[in-house]
Amino acid sequence: MSSSEKNVLLSVKELKKYYPVPNPSLRPQPKRFVRAVDGVSFALREGETLGLVGESGCGKSTVGRLLVGIEQPTEGTVEYRGRSLADRKSCERKHIRTELQMIFQDPYAALNPRKHVYDILSAPMLYHGLADRSNAGQKVDELLEQVGLPKNAKERYPHEFSGGQRQRIVIAKALSLNPKVIICDEPVSALDNSIQAQVLNLLRDLQRERGLSYLYIAHGLGTVHYVSHRVAVMYLGRIVEVADVEEIFRRPLHPYAQMLISSVPVADPTKRDRPVVIPPGEVPSAMDIPSGCRFHDRCPYADDRCRREEPELRAALPAQAEADAVAAGQRGAGERFAAGAVLHETACWHAEQIEAKTMGQTAAERSAEW
Amino acid sequence: MEQKSEPLLEVKDLELIFSSDFGDRTVTDHISFHVNAGETLGIVGESGCGKSVTSLAIMGLLARNGRVNAGSIVLRSRRKPEGKDLLRLTRRELDEVRGRDISMIFQDALASLNPVFSIGNQVVEAVCAHQTMDRREAAARAEELLRRVGLPDPEAAMRKYPFQLSGGMRQRVMIAMALAGKPELLIADEATTALDVTIQAQIMRMIRDIRREMQMSMLLITHDIGLIAEMSDRVIVMYAGQIVEEADVYELFRNPLHPYTRLLIAATPGMYDAPDRKLAAIPGTVPENYTDIIGCRFADRCPYVTTECVKPQENREFSPGHSARCHLAAQIPAADTGAGAAGQTQPTEGVFAARASHQGASAWRDS
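Quick note, the sequences are listed as chains A and B, same order. Using our numbering, read the first sequence as starting at 613 and increasing by one per residue. Using our numbering, read the second sequence as starting at 95 and increasing by one per residue.
Next comes chain A alone, as it looks inside the complex:
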C-alpha cells in the first residue's frame, strides 16, 4: 500500500455536493437538497486511469466538475499532491489548474466557434506563460501533430472539422498546459463507433507517452474496460464498488455492479442466452435517497440490516474457491490477494454471501464468457 500511496496525485475524501431545491410555494418549507454527490472518496495515482461508471444522474459528472473546480464541494476535500485545493493560495491554484485539465462530452460546445484553432490552442499557453508570441506557433504545431491533425488545421475554424477531429482539438487544448491529470467526461459518447476507437487509442497512446493520469467518466462499459486500470461504480451519489478492471468485470460483487454489468449488450450473438440480471424499477430521486443501503429497494438480496445501516466501502474477501485453495495450502493460491496485487472494495453487507449463493450460476456464466 505504501508504495502506491506515494504515487497518489489526486485524492478525494468524503466529497459531497448538495444542490438546494428552490421552493416553488410562498409558504416557507424545510430546505430540500439534491444530493448529487454524497460522500465519495478515491485516489488517482500517477499514470493510472480510473474509470468512473454509473447511470445518468448518479453524480459521476459532478465529481469530475468538483475536481477541476467548476463546482465547489459542499463538504469534503480534493487533495492534489497531498494538499487540499481549498487551502492553497489563489496563485498556487492557478498553477494547479494547468495540471488538472478536462475533456468534455460535446466537442461542438467546447470550442469557441468564432476563433481559429490556433487561437483556441495558444490562448491557454499564453495566459499561463508557457509560451510567448514567438514560439506559440511552433507549440501549436507540435500539439496538432500529437493528436494527429494536419498543420494547416490551425488556420481553420472548429465548424470545418468533423466530430472526431473536434474532439482531437479539445484533447490538444487540454494537453497544451502539460497537465498531469485529465478528467475525461464521456469523451467518446458523442462520436460514431469507428471514430470512438481512434480517440480511445489516442488517449491511450498519450498516456503512455506523457505518463498522464485519467479520470475516465463514462456510461459505456466497453470503452471503460478498454482504457481503465481501475473502475469505480457509482450509484446515487456514492461509490458502491471499486476494483481493478479485470477483477470488477470478472467478479462484480455489489448487486448493483453485477446488474449494471450484465445489462450491457455483448457484441456476440452466441452469448445472448447468458443469464442476465436486470435491476427492477428505476433509480430513485437524488432528493429522496432511501435509508440504509441506497440500493436496497431494488436489491433482491436486501434484508433488515440493508434497510437500516448504510454500508461503507470495505475490502472484499477473496472468492470462495480462492479461499478454499489457501486453506488447503495449495501452492500459489491466494497470492493475488495476499500481495495486495488485486484491489477490490465493495459497499455491500452481503457481497460474499450473495456470491457464494449464486456461485453455480455465475460460474457457468463465467466459463461461457471467458
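Rather than coming from a laboratory, the hints here were simulated on the basis of the structure. One or more of the hints may lead you astray.
The calculated EDC-like cross-link candidates involving lysine to aspartate or glutamate, where the alpha carbons are at most 16 Å apart (straight line), are [to be verified]: (1) LYS883(A) to GLU345(B); (2) LYS701(A) to GLU691(A); (3) LYS883(A) to ASP327(B).
As the structure is a computational prediction, the values presented were derived from the model and not from experiment.
Dock chain B against the given chain A, drawing on the hints supplied.
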C-alpha cells in the same frame, strides 16, 4: 407461416433523394431488403448512413424535401396477403397501414408525445384509431397495454402528463401506443439509445417477450452492434447510403465479409476483451458527398484497398443468405477480422504490465 417464401415486407431498389438549395442528393442508393414474418431484422450503421430515412420512407414520413425516386415497398399483411406497394397508397390508405400493420417507435419519446394531453388520453386515442369501441372499453384496453409494457401503477399513470414521467417510462408509453393497433411489424429506430443500459435491457427484454407473444416482426435500427447481436435474427450493415453486407446474425459475427463490417466489429470495445486488445481504428471519416463516388464508398478508409475498388461494386452472395458488396470479400482470410477476434479470450493477470506494453500494430495492419 404458410407463405414462407413471401416476406412480410419487401423493399426493392429504394432510391431516396433529398433536395436542398445546393441541389439534389441521393441518400440511399437502390436499397433492397426484406423482413420475414416473425423475425427481427437489424439495420446497423453510423450516423448519416441512411438507416433512419429508410425506415421513415417505409412509414411515409419523409420530410418535405425528401422523395422516393425509384423502387417499391411491398407489404404483405394478414389483411392483404397479396401485398400492396406502400409508395402507391393514398393518404387515407396509408393511415390504415400506419399503426395497424406497421408501427414505429423513435429515439426521443418526449418529442413524440403531446405535452398538453394526459398519457391516458393519448393511449386511448391510439387504441381508438383503428378500432371502434366506446370510451370505457378503450380506457380499459389502454390500461392493459400500459400494464403490459411494465408501467408501474398504470391507473395513476393514465392521469399523468409526459413531463411527469422518466425517459424510460415515456418510452414504455410510446411502445404501448405502438402496440395499440396490434401491428405485424414494429420499427424501432434507436428506440433505447437515449436510455441507461439497465433501462435499455428492461425495455429490450419486454419487447422481445411481446414480439413472441404477438408474433410480431421487428425492424431494429441502431448504431450499437451489441444491441444488434442481442436482438436480431438477420442483420443488414449500411455504409454511406448502401447496404454493404447482409447475413444471419450468427454468421455475421462469426464470419464478417465486408472490410467495413470487420473493422466495425474490431473497433468496438467489449467488457470481456483481453486486456492487451488494441482496437482497430478505422482511419478517416465517412465521405460527405458519397453519391459522387462511383466505386466502393469505403475504399478510402479500407486497409485492403486495390485498384479494382474504383469500379462500381455489386452485392454478391457468398453463401446462402450472406452477401457483401466487396470484390475482395472472399479473398481476405476469414480469421482476419481485425484486432478484435484474436484477443477475445483469456483474461491475463498483470493487467498493468499488459496495458503498459500494448503494441501499436493491430492484426490486420501486419498482414
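Each hint, compared with the structure:
At most 16 Å may separate the alpha-carbon atoms for a hinted pair to count; LYS883(A) and GLU345(B) meet this at roughly 14 Å. For the given pair, LYS701(A) sits about 14 Å from GLU691(A) by alpha-carbon distance, which is consistent with the 16 Å threshold. Restraint check for LYS883(A) and ASP327(B): satisfied, since their Cα atoms lie roughly 14 Å apart, inside the 16 Å limit.
Violation of the numbered hints given earlier is absent; every hint is satisfied by the structure.
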